[in-house]
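Trainee: Line order of the protein sequences matches chains A, B, C and D.
The numbers in the working numbering rise by one with no breaks, and the one at position 376 of the first sequence is 376.
To convert, take the position in the second sequence, counting from 1, and add 489; that gives the working numbering.
To convert, take the position in the third sequence, counting from 1, and add 667; that gives the working numbering.
To convert, take the position in the fourth sequence, counting from 1, and add 1157; that gives the working numbering.
Certain hints may be false.
Said to hold, decoys possible - Straight-line alpha carbon distances no greater than 30 Å define the calculated DSS-like cross-link-like pairs of lysine-lysine that follow:
#, chain 1, residue 1, chain 2, residue 2
1, C, Lys775, C, Lys831
2, C, Lys775, C, Lys688
3, C, Lys1105, A, Lys369
4, A, Lys369, C, Lys775
5, A, Lys369, C, Lys831
Please keep in mind that the hints were generated in silico from the structure rather than gathered at the bench.
Note that the structure is a prediction, hence the values are computed from the model and not measured.
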Amino acid sequence: MTALAAALYIGPAVALYIGAGVVLLADLVQGRRAATGLLSLVALAVAALWAIVQMGSGAEGPILHGALVADRFSLFFTFLLVATTAAVIVGTSEWASRVEDRGEFYALLLVSVGSMVLLAQSNDLITLFVALETTSLAQFILAGIARNERSSEAGLKYLLTGSIAAAVLLYGFAFLFGMAGTTALPGIAEFVRHAPEGLRLPLIMSFVFVAAGIGFKMAIVPFHGWVPDVYQGAPTPVGSFLSVASKAAGFAVVLRLFYSGLGGAETLITEDWGKLFAVLAVASMLFGNIGALVQTNVKRILGYSSIAQAGNIAVGVAAVAAASTVGPSGVLFFLGTYAATNLGAFIAVNAVSERLGSDDIADYAGLFKRSPMTAVVLSLCLVSLTGLPPTAGFIAKVYIFNGAIQTGQWWLVALVAVAVVNTAISAFYYLRWVRTMILDEPTDDRTIETPGGAQAVLLLASVGVLFFGVWPTPLIEAAQRAAAALLPA
Amino acid sequence: MESPGVILAFYVLAAVTVGGCLMVLVARNLLHALVFLVLAFLGMAGLFFTLSADFIAVAQILIYAGSIAVLMVFAIMLTPLAARDNANSLFLLPGLAAGLGISGIVAFVAVVTPWGELKGDALAAADPVTTVSAIGDLLLGRYVLPFEVASILLFFALIGAIVLVHDRRGPRDSGGAS
Amino acid sequence: MLTLFLLLPAVGALLALFLPKERAQDAKWIALVFSGLAFLVSIAVFVLYNPHVEGYQFVDTFDWITADTAGFAISYTVGVDGLSAPLVLLLGLLSVVSVLVSWRIDVKEQQYFAWLLFMETAVAGVFLSLDLIQFFLFWELELLPMFMLISQWGSGRRLYSATKFLIYTLAGSAFMLVGFLVLGATAGTFEIAELVATPVTEAAVPLTLVFWAIMLAFLVKLPTFPLHTWLPDAHTDAPTAVSVMLAGVLLKMGGYGILRIALPILPQQAHDARWILATLAGFSVLWGAVITLRQTDLKRLVAYSSVSHMGYVLLGVSAMGAVGLSGAAMQMFTHGTITGLLFVVVGLIYDRTHTREISQMSGLMHRMPVVGTVFVIAGLASLGLPGMSGFVAELTTFLGSLEVHPVATMAGIFGVVLSAGYILWTVQRVLHGPATEKWRDLTDATSWWEITAMASLVIVILAVGIYPPLLTNAVEAGIAPIAQIIEGVS
Amino acid sequence: MIPALSVTLAHYLVVSALIFGIGTVIALSKRNAVAVLMGIELMLNAVNLTLLAFSRFSSAFAPGGEPLSGHVFVVFVLTVAAAEAAVALAMAVLVYRQRETVDLDRINLLRG
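Could you put the whole structure together from the sequences, leaning on the hints where they help?
Mentor: As structure tokens, then:
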């Protein structure tokens, strides 16, 4: 392992960390504060370029004594996370220009995303834990960074829930380490593959802890309670970042851990953890959808919807237990389309809420008249979240459900049946919102200007939602290549 | 664990630690709870000694019983008007159920699992080794990456704590709609 | 050619949407031109369709999603056979009619016509798709325009009705997706033709469940008692053009789905279910008819009569024989034209009287002889008068089902008697009787768009009634392979 | 066979289970944010005990096991716990400045 190769592998994360430092320094220089956003984008661009070089060189494999592994899977998430963060920064630059601690905001954002990139590469429990905590801690601070009453409340609640979840996760890790005798994921996988029957119980127990703890990041039951509160209270850019990037990182960890790290398919406990995620998926979908039905605050609706969507993705995770590459690629494809969709929705909500000074759904009445583009993009994203054609959300749902059903397991068929019924429930609140925007009469005729950055992101998001709805093959193929990297060679 | 002294130490320390934890739960006053928390931390450090984890035990005393406890004292002192009582919230029953459930399940699993199956023969104690230098080697060798990331984490925790509590320089910014 | 039919309305929808604000009035012209062009294409398809050639014709296909490693290869494939060709024609015709009857729309015209055209594309996709996932895609695509059209341009409790429609359809189609995925996973393909050629005999879940999962969506759409309650609400509150489309083509999606997918792919399960289907059909016919008798709202009356008349489709299906299936297929077409016409007439009356209460109307024949005459024609066709298209379809249905399900058929025949009752009674109350002072200033339908809309439908109804082979040639060619499969199981 | 008067892995695991459980109860049911933090610290302590216990009884590991990795893990948990505590307390102080309370039952602006 040459130093050069190691640099190639961890380059994207390093670029982001260095970027965070540079942003902080630039912030110290009075008069250069406006440049912090631009600097962050530069750091993200460098990270992306580095990842492209890494992909082009075909370099793959574990590095740094097995602490990390670089493969198509980690690259997929690197691109996803970097693109998401860039979109958040561009789409909410106007908000950030009014924030007092702008430098710290961007620096924390970069640290958080850098750690997520490491998270997707983690090949060792300790690396995974440290990267997870770094990104979490940065997010806790981000949630509270506006330092008004709502923001600090969101930050505190997020932090306390997150710390409890981390403790639960660690407890699971402790048992995994204890049984396998190593913190390296391949070693654990090796152990699980040959685990004696007598250890089934502690194994199940430890992965219940791990699933619950990681579930916090993915916003699935049981650590889902923070989601609506934080989405509502935290600054909207942070909400959009969390809803997409944090969820993606959580699922990256789950796939790496359960699919690759817990021995892949065909072990003592594979079906157990598949069923565990099936239960979590059902609970998340029901909780999210029923919760969203009664909300009038749009950010809370998005929060509950995010829980329900996480349940949908968890269907794919459950399918992983029973199938080969279908399940993981479904999860990846779903996350890819979900990123475009949810970012579009969040940036639109951000743009509107900033102008309206309100998150009340009633104030969205007649948005089509006041800000046609925002309304159309937001509607498109909501239709995609519902899972209706011709959007990417439709393909994603069909694809992920198809992956579950292809396994030929009756319990996965039942799971999909529950999931599709939930889709019908979700249509109720998503489309009610669409109707309010497009068809209701506005209470106030003044037009709402959307900032240029937000417009650009909205345009990109809607192009993504429509393009992958009509021609999903490129993304599906990328997801399949990424998922294939997870299989033990 | 042959030595009777160590066996005795285990039971005593375990009793102190668990007792301290329970007192944190039931203490009426927050400051009293903090004292019991420190007691539990110290008992835990003792347990670490019985496990031949000397370095960790010392670190435990320094970081938990020292720094974190002091931080908490500061926090309690900095919030003078907040209630000092260690009251339970509306979630006491669910909390109790969850805690007891987890305890029971883990203890049950710990007792019934034939841990010997991990290797194939009965459990035997390993030779006590000096851990400090070995840990240092691991930290700068195999675990150098998490080590570096942890330093970034500490640095940004510092930045974050400062950002959160430093006094405002200008008028209130409107973070997000409210 | 079929892709052209699919795309024309969508292109029109986009054009209408992006029309400059000050020319919003021209949206209807765009809608008329594009639906008209699509209608011409559909005529060409119907005329050029050769009933003597087996299989699908005018097939367009290309690989859409090529994710082979995940077993998710989905092709875009459209084609017609004798089953879908008449429905395509019906769709083309009714789309033009619905644009014509919307001529007076003056609220958000651009959006209105865009949604209307968009819906035509979606329904066309359902009738043309030869791949299950593609079929499902278009099936879902139709929801949004419908929801928007009813909830915005409707009347009364329009949001409630639109939501009810949405929830019923989505709940049904949700299970349909599960069924499709199970079929596709088991057979390794989503192509309807391949699924029919190599029947699935075993899957992860019992095939009977799969059958009912798929049927649920179709039965909701048809609609069948007791899943019909969304229909009267949707009809009552929908604008006229949407009612025409709803009754004329959207309900046919259910029957079409049964004939195209449920029966040929799962013949054994369908055969096992024939008694249940026949019972449901009997109930639909009778219940629908009885409820219709009690209606005081003209539009609701026509809506409930739809429940009753679509029951015949299910009755024909449940006979599981060539004759019954042909009857069902014909009934779909004729019901589309007849009920479409009835809704056009009801809409015209409502435009002028601003009431739909039958008790308020009297002697309208004196004031609006043209509308009245057409109303009488549509009514007579609806009750199955010989010489009109309804008669042929219903007769064929009963011939097919009588031997298999005598009781349900008797119920169906009794339903015809009842429908004669309510239609004649309604015609008598609305058109005849003394011409009240209140309606003295009513004007007859004289504008070109009203006349064209009515005339085109009347012509089709009479033509098929007088010379049934126009329709039956195609239908029988389409039904033959399905009947062959279904008669092969016992 | 476990000799009557000897301390085994299971003993330590039971103690850790008790501490983790009590920590959970405290974390979930206390109203004061600082008290909740105490519960979380206890949970983390239980995790450390588990890690070290497994490390100590290292002969349980298959060949190639790394008992000292457990110690390293604990070092990281300690570090993270300290950082988390610092940020949590800063957050609590921030909330207190705005509302003069750190009572979680009364910090409830966010609701639907």
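Trainee: For the pair we were handed, Lys775(C) and Lys688(C), check the Cα-Cα distance against 30 Å.
Mentor: holds (10 Å)
Trainee: Check whether the Cα positions of Lys775(C) and Lys831(C) lie no farther apart than 30 Å.
Mentor: Satisfied, since the Cα-Cα distance of roughly 24 Å is no more than 30 Å.
Trainee: Are the Cα atoms of Lys1105(C) and Lys369(A) separated by 30 Å or less?
Mentor: violated (40 Å)
Trainee: Take the C-alpha atoms of Lys369(A) and Lys775(C), compute the straight-line distance between them, and say whether it is at most 30 Å.
Mentor: Distance of about 11 Å is within 30 Å: holds.
Trainee: Quick one, are Lys369(A) and Lys831(C) close enough, alpha carbons at most 30 Å?
Mentor: Roughly 27 Å between the alpha carbons, so the hint for Lys369(A) and Lys831(C) holds.
Hint 3 from the list above is the single one not met by this structure.
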